[in-house]
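Engineer: Residue numbers (my numbering), protein chains in the order written: chain A, 1 to 513; chain B, 1001 to 1374.
It is worth saying that the hints were derived from the structure and are not from the lab. Remember, it's a predicted structure, so these values are computed and weren't measured experimentally. Warning: the hint list may mix true and false statements.
Below, in silico cross-link-like pairs of lysine to aspartate or glutamate (EDC-like), each with a Cα-Cα straight-line distance of 16 Å or less [what the hints assert, rightly or not]:
1. B/Lys1077 - A/Asp426
2. B/Lys1276 - A/Asp426
3. B/Lys1077 - A/Asp428
4. B/Lys1276 - A/Asp428
5. A/Lys402 - A/Glu466
A few chain A residues facing chain B, derived, Cβ under 7 Å [what the hints assert, rightly or not]:
6. Gly421
7. Ile423
8. Val488
9. Leu489
10. Val494
11. Ile496
12. Leu497
13. Leu499
14. Arg503
All C-beta atoms, glycine included, are put in the ideal place defined by N, C-alpha and C.
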Amino acid sequence: MKRSRTRVAFLDRAFRIGVLSACAAALALVVAQAVLAESPSPSAGASGAGASGAASGSPAASGTASSGPTLSGSPSATALATATAKPGATAPAKIDGNTCYSCHTQIGGAQHTIADQWQASVHGQNGIGCADCHGGDPTSDKITVAMDPTKGFKGVPSRQQTVGVCGTCHSNVELMRQYQIPTDQYAKYKTSVHGQKLLLSNDTKVAICTDCHGVHDVKKASDPTSKVYPLNVPALCSSCHSDPKYMDGYNIPTDQLEIYKTSVHGQALLVNKDMRAPNCASCHGSHDAQPPTSTTVVEVCGKCHTATQALYDQSRHAELVNGPKCWTCHGTHDVVKPSEARFFHPSPPQIDCGTCHNLADKTLKLNADRFKNDDDRRCDTCHHVDSLLYSQAQGIKSALDKASSAYDLALTRIAAAAEAGMIVADADVTVTQSKTSLIQARAAVHTTKLTEVASKADAAVTKAKEAQDFADARLAESQNRRQAMIIVLALIAVTILALILLRRGLDHTYEPG
Amino acid sequence: MATQTTAAPNGVVQWFEERVRATALFNALLHVPIPAEAKTYYLGGITLFLFMVQVATGTLLSLYYKPTPEAAYDSVKYITSIVEFGWLIRSIHHWAANGMIIFLLLHVIRIFVQGVYKYPRELIWIFGALLFAVTIGFGFTGYLLPWDQKAFWATTVGTEIAAAVPFIGESLLQLLRGGADVTDATLSRFFGMHVLVLPISLALLLAAHLTVVHQLGIANPKRPSLRPGQLPTPGIVERWKPFFPHYVLDEVIAWAILLALLVVAASVYPAGLEDKADALVTPPHVKPEWYFLAVYQLLKVVPAIGPLTARDVGILIPMLAMVVLVMLPFLDKNPEVAKRKRPVALIIAAIVLIGMGILTWYGGQIPAVAVAAS
Ligand code: HEM
């Protein structure tokens, strides 16, 4: 008896000690955690060091040539030599030997800003100095020597000169190789509308290098803050091209940006930030900016729409000299998402025969190039209702209509089955196959061949029906389940009823106590 | 009552009785003192029923389920769309899992409101609290098994919460996932937990829980249980109602109703399946199961306190709550059971419940979560 009581007392004490020490340990953990979090944690220190390491490392990593070739008036050979000679040196080193920088920062105001912009620019970071563009002697701290025209000092280059100044280095293959950038910009620029106007007609209003790339603050084209970064190009071009006053006299529209913004391309680029979508330069070129022509437009669009171009090339349209091109049906800046509505006008237009044909010999006289008005970009604008080709177009359209409505129907059935909680994986797979065929059928319209379109459209219909069958089977099964459920519920209800009756019978015999 | 069953039966029963001598054992097992005033609302029993449903349907599912990332998704799809009545088994397992959590919560609320966790039932409560943890563990591990997008990302986010535990968070995360990320290793250990570790734990804890309930009988919610040497209040005569067959029969009726509900839920809202898990495609919205929403939302809304970051606070509150839950019978020293005499406990509980309700609702409203951040 006594023994068992001591044992109980011992167990009791052991238990209390155990619980207390567990609580103490937990408290210690929490306090330790709190203290660790309060003191500057080792991980924060490490990440700080990492960040500064990365920051100081980046200029060295971005260019093997980080030291200054700024000593020479002619940038070419010396720049290369010095640049490769001291690959490890960092940007500030070249500022030491650059008296332009030290004086101009002291002047303050705009001069200081320019100096800072240059220092942060891709040129400043790679040791391309003031004298490389402006001439003069950056080793002398005397203004009369440093900015002496006999030492090659040019001052501010004119707009015509600027193109040459940039072109001198940027067309030099030896010099540019280390940066892995092309050297054909100057040559291309000379062929562009901008270049022609500047160099042949002395029109200084046209874009020159610095208008797009910046003057002292030149950035890499891959820098998202650069004006020539793909997402920023539409704004850049439109800074001149959307200004009616500025463009006055050139006889070109100024509403391209507004139109482009509403197009599939503009939406993809500007709204979805999809860099695969074309900006102005993708079709017009950049340094070689020229509007596409009816002989080049197919290649221009085909650069991205390769498969569609291949289909178009098989078509009757492509065989015709003055036949319709991409933009005849899709437009230019205003390309919208195509649909079956693109085939015909709501009611066939009444166009005089003479509009398109020479009435004498019935040959075609219309050059079907572009229609300004989107409503005119329809098959029946050219193909008269009574023509054979009109009925061919009708055949193509109805094949597509059939396929797309079969596809849509399958989708609604699948959605209904999914809504009922059924697993529709097989229907999903099949309807995706239908969609693939439908897309192919729509693309096949570019071949203008009914057989091509119809074979793909039929495949789409077959797959859509198959998918619909799967979905319908699921829907039927869901119905069956609900009916079976009613039967099972009835059985359970009967059981419950029986149990309740049994329970009632018991109550009579139940005597508390 | 005992006299009814001790009368020697004839025939088959007699045959077995002579060879097994089980009558005395059954009589003891089927005798649970139940005060006439006791009201259990059959909530614990329903939880037990749902657990049995889980064991039965889970065993059937395990005949087809394959616990590897390559095969898991397809095997679940196979069960749901090809196996005869596979959809029914899987859907019932799905709904009974949710039901188990709901009735468990109701059971705990009943116990708390009636104050029947007090002397001498502290151990029943502690076993119960552990059962609660195990049941939550079932939900957490089971959710990953279909290996679809929802499963994968909810587990990614859910295990992420473990990383917030002070001091051992990173190791805990590694332990849960079996590595740095949710991979085949995670699936293996979640499967092992779900079909072996947790069922065995739950069975053992349940045995302990019910054994003590059986020994002490159901509590009378009208008055505290008597301590040794304490005399009953004069004039009060304890009245009992028989456990078998009366109480058992009522219980079975409740189970039949639950079965009907499960059949309806499974038929009208069968368990679905999203796209197969893809570690490279983060879905726009990742939400854990509804019963984790409160904790999950808490993590997002709590402020930093003193040296503790918001993350620390967010994880310490539920951890502390679990400790409080387990220790409740020892923290609440008030011996009274009548509601009028324990207003503080009831008000605190009401605030906690309402708070959890609001957090759950709130967590369900706001869709997106930045998974990529981690
Ligand atoms: C899988 C989980 C659980 C199951 C299957 C279960 C089952 C049961 C059953 C069948 C009873 C008999 C009375 C009744 O039906 O209500 C009971 C009583 C009890 N349970 Fe649970 N329980 C579980 C979890 C819990 C939890 C989480 C707690 C508390 C944290 C708890 C605390 C209690 C207490 C204190 C009693 C005694 C009540 C009385 O005497 O009136 N149980 N449990």
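Engineer: State for each hint whether it applies.
Structural biologist: Results of checking the hints against the structure:
no.	hint	result
1	B/Lys1077 - A/Asp426	11 Å, holds
2	B/Lys1276 - A/Asp426	14 Å, holds
3	B/Lys1077 - A/Asp428	14 Å, holds
4	B/Lys1276 - A/Asp428	13 Å, holds
5	A/Lys402 - A/Glu466	15 Å, holds
6	Gly421	4 Å, holds
7	Ile423	5 Å, holds
8	Val488	5 Å, holds
9	Leu489	6 Å, holds
10	Val494	10 Å, violated
11	Ile496	5 Å, holds
12	Leu497	10 Å, violated
13	Leu499	5 Å, holds
14	Arg503	5 Å, holds
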